[in-house]
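Guided by the hints, dock chains B, C, D, E and F onto chain A, whose structure is given.
Number of protein chains: 6
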Amino acid sequence: MATTAMSRPEARTPFYRAVGDEAEVFRAASCQGLPVLLKGPTGCGKTRFVEAMAHELGRPLITVAGHEDMTSADLVGRFLLKGGETVWVDGPLTRAVRTGGICYLDEIVEARQDTTVVIHPLADHRRELPVDRLGTTVPAAPGFQLVISYNPGYQSVLKNIKESTRQRFVAIELGFPPPEIEREVVAREAAVAPEIANALVTLGNAIRNLEGSPLREASSTRTLILAGSLVAGGLNLRAAVRAAVVQALSDDPDIVRALGELADAVLPSS
Amino acid sequence: MATTAMSRPEARTPFYRAVGDEAEVFRAASCQGLPVLLKGPTGCGKTRFVEAMAHELGRPLITVAGHEDMTSADLVGRFLLKGGETVWVDGPLTRAVRTGGICYLDEIVEARQDTTVVIHPLADHRRELPVDRLGTTVPAAPGFQLVISYNPGYQSVLKNIKESTRQRFVAIELGFPPPEIEREVVAREAAVAPEIANALVTLGNAIRNLEGSPLREASSTRTLILAGSLVAGGLNLRAAVRAAVVQALSDDPDIVRALGELADAVLPSS
Amino acid sequence: MATTAMSRPEARTPFYRAVGDEAEVFRAASCQGLPVLLKGPTGCGKTRFVEAMAHELGRPLITVAGHEDMTSADLVGRFLLKGGETVWVDGPLTRAVRTGGICYLDEIVEARQDTTVVIHPLADHRRELPVDRLGTTVPAAPGFQLVISYNPGYQSVLKNIKESTRQRFVAIELGFPPPEIEREVVAREAAVAPEIANALVTLGNAIRNLEGSPLREASSTRTLILAGSLVAGGLNLRAAVRAAVVQALSDDPDIVRALGELADAVLPSS
Amino acid sequence: MATTAMSRPEARTPFYRAVGDEAEVFRAASCQGLPVLLKGPTGCGKTRFVEAMAHELGRPLITVAGHEDMTSADLVGRFLLKGGETVWVDGPLTRAVRTGGICYLDEIVEARQDTTVVIHPLADHRRELPVDRLGTTVPAAPGFQLVISYNPGYQSVLKNIKESTRQRFVAIELGFPPPEIEREVVAREAAVAPEIANALVTLGNAIRNLEGSPLREASSTRTLILAGSLVAGGLNLRAAVRAAVVQALSDDPDIVRALGELADAVLPSS
Amino acid sequence: MATTAMSRPEARTPFYRAVGDEAEVFRAASCQGLPVLLKGPTGCGKTRFVEAMAHELGRPLITVAGHEDMTSADLVGRFLLKGGETVWVDGPLTRAVRTGGICYLDEIVEARQDTTVVIHPLADHRRELPVDRLGTTVPAAPGFQLVISYNPGYQSVLKNIKESTRQRFVAIELGFPPPEIEREVVAREAAVAPEIANALVTLGNAIRNLEGSPLREASSTRTLILAGSLVAGGLNLRAAVRAAVVQALSDDPDIVRALGELADAVLPSS
Amino acid sequence: MATTAMSRPEARTPFYRAVGDEAEVFRAASCQGLPVLLKGPTGCGKTRFVEAMAHELGRPLITVAGHEDMTSADLVGRFLLKGGETVWVDGPLTRAVRTGGICYLDEIVEARQDTTVVIHPLADHRRELPVDRLGTTVPAAPGFQLVISYNPGYQSVLKNIKESTRQRFVAIELGFPPPEIEREVVAREAAVAPEIANALVTLGNAIRNLEGSPLREASSTRTLILAGSLVAGGLNLRAAVRAAVVQALSDDPDIVRALGELADAVLPSS
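The listed protein sequences correspond, in order, to chains A, B, C, D, E and F. Quick note: UniProt numbering has the first sequence finishing at residue 270, numbered continuously throughout. Quick note: UniProt numbering has the second sequence finishing at residue 270, numbered continuously throughout. Quick note: UniProt numbering has the third sequence finishing at residue 270, numbered continuously throughout. Quick note: UniProt numbering has the fourth sequence finishing at residue 270, numbered continuously throughout. Quick note: UniProt numbering has the fifth sequence finishing at residue 270, numbered continuously throughout. Quick note: UniProt numbering has the sixth sequence finishing at residue 270, numbered continuously throughout.
Excised from the complex, chain A in its bound form (with noise of 0.2 angstroms):
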């Protein structure tokens, strides 16, 4: 089964700060029609940044997440029962392949190995998908865009995405934005004070600089914004804190003392 989600051009633009050329690479793989693949850790923003260019170019965008039960049939479309008739249901790709909007694949890698291949075809200049439950093949519609992301941080020797499927893509590497970009992001979607947003900053960039870290993700974007909004419902700031940072970045006891000791050393003392 497969997470998906469509969303029409929003009248209000999304919220997106961009760090590096990453906008510039993706208007000339657009432009050309060209795939691209987004690189980067949990929660950096990967997601707002398609949002956000689905938004500036005018594209509907689709999103799936890819899981390891994913198969191409979670993706292309399948019959399903309605009112006791068998029914063929277009799957989220089918759907913006046929109204040419952009397709964002989530960690595509961990999805089934027939999912990747079934976008061969859309990854070149063929621009075609085959359904073959139905026998046919859809012709990319004018503005239809694959999109796929994954997360090298993660170590699997299983999952790879396969060379003949990278090398079709435009590769673009996203990583954490710098403190100050970071603030007004946290100060934004927390809707927290400048303060607030300035204290969680500090304390996830002394997280992501520690020597040696054991930690197998730093505290990512995400887990400040979720810090903030604890904030904003009521919790003191250490105490949102622990909850959305330390307890979720590690369950060693020692581990989590330490990032607690680091917390109260880098954040006011209220």
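None of these hints come from the bench; they were simulated from the model.
Note that identical chains are pooled: a pair holds if it fits in a single copy or bridges any two copies.
Here are the simulated lysine to aspartate or glutamate pairs, EDC-like style, with alpha carbons at most 20 angstroms apart:
1) Lys39 <-> Asp251
2) Lys162 <-> Asp251
3) Lys39 <-> Glu24
4) Lys39 <-> Glu173
5) Lys162 <-> Asp69
Coordinates of chains B, C, D, E and F only, in the frame set by chain A:
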């Protein structure tokens, strides 16, 4: 097949004694509509805590126990045969989403990965559940909240909560309560006299504090209550402890004997 | 497919000779509605013990043998074809829940994990069985009790009873009975003279007391009864012991020879 | 899919020459309704022994060959399509249970574990077969007897007969017959002259007595009969031995050559 | 899905040149109705040998190629949809059994184990095929013969022919033919001049005799014929050898270069 | 689900520049009806080569991309639901067989093994496709030719082309074209000026010639064309190379930095 239980807010207040600031964190998360992750050992009271919070917040509670064969269809729903016709039956998660209840997914890490992905759109600003089999998306009713739990003590290379899931949740760590609270809990739940409860809690803490313990899990509050219940059912204290605590903790003859000697030393000679 | 047997309380009292306080513990658990976990080696009388307790307590008994392909549907029920129509057929667990009987799940650890989870709501204060395929929940009738068993002697890395399951159960450990009781059991079950029973039990204990024994399991009471039955069927004692005890315990020629010599030394020269 | 063969008691007595007390043990077990486990190498005559006993006891014999894909449905039965309708077709075990025949499950250890469990209630005092798909239980007709076999020479970590299964059976070990009996068997079965049979049996025993033999299995009585049949079909003895014995025992060129030289030395120069 | 081909006895005699006494052994086995096991490397002529014997004996030949997904249903048959109705379609083995043909199961070791078991009753004195899905047993028509093959050169821990299967078969080992015969075969099959065939066979034997060869398989007669066919199609000899022999044997640049140099040294400078 | 594309011979000649004698070998194989195996790295032009040969030979081309879930039904066809009825739909291989086209199975090694077996009767003198589900055999129309490809650079213990498959095919090895040809290809395909193409090819060869390269695959012609397309889409050369070449080749920060420095050194300062 999912194991689910749905309960309307009870007239009687569920018995739960808070140990730290877990209730404040839960309230702030609930106020902001943020999902919660509970961490803690078997039998420490995670379920009771959620029941108490659901009661305080006046919301229905739906509990689902995860297991390694559980798929997203167990959460979302499926077509079933009823009287010769196929009818759609909402899964427990969908019911919680429609009614604005709290959905508590116990040990969700055990489930197949497609279940963790299906909860992502419910665990961020989208707050919606895609039901692919019906071709629709169900927006979460006001009051819907997602709570998941897992036991960090289980060592598992294969089953880990994904970072991209984990960083969406506010995390609360629960442990065994301090002696004065645990005595009250055991006496009340097992309906035994205070001195019996006192003896059981003293034993429980003696076992938990064993140095270099070879036990996978310590004696939980739940096993102490079980021992108390046997006493309330007419068994003498030592036989009750042997059946509900000692034999439950290990199959190794040496460890069973050592635990028995510890129980002899700690329990009153009655 | 589940292997089940349901029996109404028998007119004749099943033959079981208690060795320790197992009956008292079972009665107290039964009085409090607590589930019971039986631990012990193959053929030591676990099933007989449950039969005797069911008889004493006046409740129907349903026995289910676990195996590695058993799923929760084997316990709960499924839709079957009968005369061209699909009809729901309760599984053995559901039948026990409805009738207030004792459901004995033998070696449930072998079954797939979803079966252990399906019994959780029956093994705590909820006492109810969710039947997802029917979209209903069946409350346990008064008198329903869950009994499970496993053999701690089997070494298995893959199959372990989960702590969160185990700590819900009152545990009773059973072993082989002492000689005077075992003699009575063998004589009665195999319908042989006391001196034959005596010889068999003497041999059984000689094998169990072998130092540094390479056998995976010792000679159980069951194998001694089997040998006695062969004698009752006309075979001489030594041939009966060779067929029912020696050859049943090992395929290794050296061990078979050693066990044969031990039998020659212990058994009367007839 | 199960491979089965059912035979009414034959008019002609099947040819079997007893070597030890295997017939007495079988008769005593049969008299008491006890199940039998046959142990022995490939091609030593296990099937013939069962055929002979079935004939002597005047009971129908049903043979089922186990394999790693065999499930309990292959033994018990299933619904099949016949002329557009689904009808229940008894499996071979169910047929034997209904007719009071001997059911011989050859190498049942290979089958999936649910098959060994399905035979438990038939292998103890219950003597009944639960047929879950029909929702019924079939009591064993008088005369029904279960016989299983396996080859202890196969080393398998994965496939072992469970102790709780094994200790339900009376065990009989069979081996290759002594030379004087094996000569008679080969001469009769292959329809060759005594001196040919003598040469083949001499060779067979020379191979079996090879010290430090690298062969997984020795040359069985079956392969000696096969070689005899080729001679009866017109091939010379040495070519027959090469095709039916030497090439059947190994693919290793060195071993094949050594066995060939052994054959040259042992066989008459004809 | 099984890959099968059925051929009536051809008018034209298939071209096969016997190397040893393989034809005599096959005739004796055929005369006695005994099954045959062919051993030998890829492309040495196993299929041709069976075709030639089937022609000589005047029987239809059905060939089935084994693979790791092949099940007994692929051999025996299944119900298929035809014009909206389900009709039974005999598998290739069943067709051979009914028509009294030779059924050649190529590399049957690759198939799932239930296929090897299904052939047991056809490979001994019973000579019958149980068709469980139809609930019937098909007796083998006179003339039916089972032939299986495998390649001992493939090292496989997982896939081994079971001893209880193997010892039912008369075994014939085939290898590459001696040069004078192989030259004739290549010239005839590829329709090339004798000197081309001579050059190819010389090269083939030079490769087969490489000491310490790192090749998994040597250059088979089949690859020499393929090279000859390219020459007959207009390619020069060296390019043909490079494409059909050198590049077919290895992907390792060093080995490819070494084989190329060997070819340059052995082949006429044309 | 198979990913297929069928194309009638194009009016426009597909652009392909031969590097060695690959076209001659292909023509000879085609003339003789022999199957072809293409070996070479990702993005070196295997598909283009087949397109060009199909055009030159005037035959329709059907392309199928292999993946690890692909089964023989994906190639041969299956019954599908259309308007409530089940109709047979030919798979891509069957369509090619009927129409006498070229069927190009890209990376067929990835597919399940039953797919490689299904092509055997098409890859030798039989030239026919058994369609078991229909119970028929389809003879290959004149002109039918099988072409398969794989990438020897992928190290895989699990997935190897079987020798018995491989030795049926004429093998052609393709590599990256020499600079003067690659420049022409890049300029033409990406529609960039010769100096841009020259810079890209120079960089590509510098990367390919890195000593002790840690890259799994080198920069293919395809990635150079991709970079060129970004330039044609308005991006500057260095950003285009970073997105299409550097970030596509590695996720390792050190390698990405080293490749970036190499690009800075090789590319014109623009």
